[in-house]
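Engineer: Residue-level listing of the chains:
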Amino acid sequence: MIVSLNEIESLALKSARGAGMSWGLAEEAAVAASWLAARSLPWAETLADLLAQQPVACQPRIEGDAIAPSRAGARLCPILTGALLSDVGVSVRPIKVRDILAPLWLAPFVARWTTPGRAVRLAWGEVSLAIGPNTLSNPGAAAMEALAAPFTSCVEIALVPGADTAHSLRQRNRDGYPVADDAWRALQLLEHRTYVPASAQSRLSGAGAGLLDND
Amino acid sequence: MSPAMSAAGSEVCGPEAVALRPPDVVMRLARMGAAHQTRLSFLRAMLRHAVRERWQFTRPRFDIDARGVGVAVYRVGVGERTYSLVAFGHDLAPEQRTDRVIAEAWDATFALYDGVPDDAEIERLRRNVPVQEAGRYLPSDLILARANRSVRLFDRVVGALSDGRQPDAAEMEATGYLMRTTAVYGNGKFGIADRAVIAGRPEFAGPFRAEMLTVYLIRAFTADLVEHMAVLRGGARAATLAPPLRRRLGIGNATGLGMAPFLVRHPALIDRWMTARETALARVRALPVATRGQQEHFIRALAGARRQVAGWTTDDPVQAPRIAALAADLERLRAHVGTGAFDGPMPWDRLYRWAEHALSVEGQEMLVSLLIEPHGALVDDLAETMAIDEAEVFRIDGAMRVRDLAAILDSTYAWARAADFSQPAANARFWYVSEEKLEPRLGQRADEPGAELEQPLAVARDVESLRAVLARAPPDETLAAFLLRAPEHRHTVRRVQISAHHPYGEVRDNLIAADLRAIDLLRCKLAFFGVTRFDPQSDKWLRITLFQGAPYPHELHDGDWDGWIWGVADAQP
Numbered sequence: 001m002i003v004s005l006n007e008i009e010s011l012a013l014k015s016a017r018g019a020g021m022s023w024g025l026a027e028e029a030a031v032a033a034s035w036l037a038a039r040s041l042p043w044a045e046t047l048a049d050l051l052a053q054q055p056v057a058c059q060p061r062i063e064g065d066a067i068a069p070s071r072a073g074a075r076l077c078p079i080l081t082g083a084l085l086s087d088v089g090v091s092v093r094p095i096k097v098r099d100i101l102a103p104l105w106l107a108p109f110v111a112r113w114t115t116p117g118r119a120v121r122l123a124w125g126e127v128s129l130a131i132g133p134n135t136l137s138n139p140g141a142a143a144m145e146a147l148a149a150p151f152t153s154c155v156e157i158a159l160v161p162g163a164d165t166a167h168s169l170r171q172r173n174r175d176g177y178p179v180a181d182d183a184w185r186a187l188q189l190l191e192h193r194t195y196v197p198a199s200a201q202s203r204l205s206g207a208g209a210g211l212l213d214n215d
Numbered sequence: 216m217s218p219a220m221s222a223a224g225s226e227v228c229g230p231e232a233v234a235l236r237p238p239d240v241v242m243r244l245a246r247m248g249a250a251h252q253t254r255l256s257f258l259r260a261m262l263r264h265a266v267r268e269r270w271q272f273t274r275p276r277f278d279i280d281a282r283g284v285g286v287a288v289y290r291v292g293v294g295e296r297t298y299s300l301v302a303f304g305h306d307l308a309p310e311q312r313t314d315r316v317i318a319e320a321w322d323a324t325f326a327l328y329d330g331v332p333d334d335a336e337i338e339r340l341r342r343n344v345p346v347q348e349a350g351r352y353l354p355s356d357l358i359l360a361r362a363n364r365s366v367r368l369f370d371r372v373v374g375a376l377s378d379g380r381q382p383d384a385a386e387m388e389a390t391g392y393l394m395r396t397t398a399v400y401g402n403g404k405f406g407i408a409d410r411a412v413i414a415g416r417p418e419f420a421g422p423f424r425a426e427m428l429t430v431y432l433i434r435a436f437t438a439d440l441v442e443h444m445a446v447l448r449g450g451a452r453a454a455t456l457a458p459p460l461r462r463r464l465g466i467g468n469a470t471g472l473g474m475a476p477f478l479v480r481h482p483a484l485i486d487r488w489m490t491a492r493e494t495a496l497a498r499v500r501a502l503p504v505a506t507r508g509q510q511e512h513f514i515r516a517l518a519g520a521r522r523q524v525a526g527w528t529t530d531d532p533v534q535a536p537r538i539a540a541l542a543a544d545l546e547r548l549r550a551h552v553g554t555g556a557f558d559g560p561m562p563w564d565r566l567y568r569w570a571e572h573a574l575s576v577e578g579q580e581m582l583v584s585l586l587i588e589p590h591g592a593l594v595d596d597l598a599e600t601m602a603i604d605e606a607e608v609f610r611i612d613g614a615m616r617v618r619d620l621a622a623i624l625d626s627t628y629a630w631a632r633a634a635d636f637s638q639p640a641a642n643a644r645f646w647y648v649s650e651e652k653l654e655p656r657l658g659q660r661a662d663e664p665g666a667e668l669e670q671p672l673a674v675a676r677d678v679e680s681l682r683a684v685l686a687r688a689p690p691d692e693t694l695a696a697f698l699l700r701a702p703e704h705r706h707t708v709r710r711v712q713i714s715a716h717h718p719y720g721e722v723r724d725n726l727i728a729a730d731l732r733a734i735d736l737l738r739c740k741l742a743f744f745g746v747t748r749f750d751p752q753s754d755k756w757l758r759i760t761l762f763q764g765a766p767y768p769h770e771l772h773d774g775d776w777d778g779w780i781w782g783v784a785d786a787q788p
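These protein sequences, in sequence, are chains A and B. Just so we're aligned, residue 1 is where the first sequence starts under the numbering used here, counting upward by one. Just so we're aligned, residue 216 is where the second sequence starts under the numbering used here, counting upward by one.
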């Protein structure tokens, strides 16, 4: 189906919350989903997979120039880890992130480090993404599957000069944003957990108006 | 000096700068719930823009039958762009007519379309717009809306006109509109255009301008519709509405809880709205003298306000006495102005300070509107400062230390200490989204299930919880480290950092208190829209009027309509 960014942001917020994230992290997921969708990156399938594995209880731990799960054998959540990268702010030294789910979801967070003269390169597996404030290197059709990888053992993050990201964003907003029906429905199931079923009392008192209006 | 005050007090205007009213005064629910429209309100700013840019209005299509069923198209030329309101009329059974946002059928449904729709596009809209939320839309569809007839008045107006008579002016004034909108959707709902699609266009750069244009065109449709139906019924003897009477018809609206969370969810945006209005007030209060022209303008607007309040009725037991007190306030103000209030230095400032002691909060806020009114040249630029890119304020500064965040709490959130959340009365309500209607609701924590699914609108309680946790955290700890340990406080930390730079961003009252009147939130937002005649139907929803007294599209470029909202434009051609 074709949806708007507002619908994407709203569904990501509520599905992340429904999957058990704190409101603040769910807000991060929502803004990140919108960022990915605006760049035609596969946000919905990866988010649905990621949320199916919530809660990811493992905390990220900073070890020198690496971020790794604080417990051996555990995996990192990219939203919690991405929020940490956003909070800490730009790192001039390259960083490695170990053992992380849905690595694509780090992109919207490190994108906040960018300025017109400063881009960020994210690399894992066959993927190499250069991100500027309003630009994104063309990941290439072959890399689409790798972009949507559910897990990777290592993501490398490094600053690069801004000129590296000459490929401009495609402006999709005139056409809406296509999304896979399966992933959308999976997220809606999680979203549904945030709603309160009606009770007799809430029907009477919750909203106020309940009368016909023929005057 | 607190961060809030240094930001709020930073504007210097003239030799005798007057400080902006502090957030602890402005952002209380009792005062927000007494807000009135000003010349910065969105629908007034939209009409000024339309006049200035000479928007061209046409009605290329009006295929409506005697029952009101069919399609009409209104076109607006805005520079090089064109917008079209596509209106569908329906034949609605009385038992289907409800104010609730959850209705499934309406007397009329509307879409504001980006461009000129061809027949295929109108056919696509015809398959979707009449079912509103149950349809799907495209980014070419900017706004979606629906309205129901105010049946009694609608029928009487059609009846009178079809007999060749003018309808009863008092009846028209008492209701004030022929149709009442029950929802106006923008910003990506159901697939329509995201705000980002139009935010860069000058005509829609201000908040809710596209929504206001839609409602303005719907109002024109309702007046055209009754005249058209009168002709179909009465033939050659049918009359059209006399222009002054026609202008007294606004468009109604019913608004419920769905709108309430908006003010809480967009602190940086609300700060822009409030800052614009408060800056306008401070600029006026700082003027050294009141010119003769400004004095006369003020007195005309005051007379219009008194007429407006005289016609403002409600059965609401809280609002009705407030309206009576406001009428008395305006009489007191008129008498005061007649006794040399404009003599001496800084007369506008003295008038405001007099009102702080002499008038009710309703009266004080009406005076704010009246003080701003004669000073368009001084303040109208502020209407263009009321939007913000919220993405700019979203990122949390995780390098900030715990002690610095605690200091912001002390300076900006002292008000949150007022509630004792160990007491049931402070923690009595919870905001939730209902599964049945997918709409925001307000529940009773002690009596209703679902409090574990509470929406994050209990700002004061969450802030107090954060304050307690911060007190036990190492003062030197970074927020990045703190939030790794305590992600449940993340949304509150973000708010607090935003509020440090947006002093009017936070409603400074407990939004889950037993005595909360949610309608105060609605009133404030609607005042910024520019509506009049707030008519509460409970403490959770109300009816209002928009564009009453406004010129119609075909009149807009003839004459000076600046004071239409005060009825001053009644003297116009």
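Treat the hints loosely; a few may be bogus.
To be verified - Some chain B residues flagged as far from chain A (calculated, every beta-carbon gap over 10 Å):
#1 408
#2 612
#3 614
#4 652
#5 653
#6 659
#7 662
#8 693
#9 695
#10 699
To be verified - Chain A is faced by these chain B residues, among others (derived, beta-carbon under 10 Å):
#11 275
#12 412
#13 602
#14 603
#15 709
What the hints assert, rightly or not - Computed from the model, here is a short list of chain B residues facing chain A with C-beta under 10 Å:
#16 269
#17 270
#18 272
#19 405
#20 409
#21 410
#22 705
In case anyone wonders, no lab produced these hints; they're calculated from the structure. Just so it is clear, CB atoms sit at the ideal spot from N, CA and C, and this is done for glycine as well.
Engineer: Decide, hint by hint, whether the structure agrees.
Structural biologist: Do the hints match the structure? See the list:
no.	hint	in the structure
1	408	violated (7 Å)
2	612	violated (8 Å)
3	614	violated (6 Å)
4	652	violated (7 Å)
5	653	violated (7 Å)
6	659	violated (7 Å)
7	662	violated (6 Å)
8	693	violated (8 Å)
9	695	violated (4 Å)
10	699	violated (6 Å)
11	275	violated (24 Å)
12	412	holds (5 Å)
13	602	violated (16 Å)
14	603	violated (15 Å)
15	709	holds (6 Å)
16	269	violated (27 Å)
17	270	violated (23 Å)
18	272	violated (25 Å)
19	405	holds (8 Å)
20	409	holds (5 Å)
21	410	holds (7 Å)
22	705	holds (2 Å)
Checked against the numbered hints above, the structure breaks hints 1, 2, 3, 4, 5, 6, 7, 8, 9, 10, 11, 13, 14, 16, 17 and 18 and satisfies the rest.
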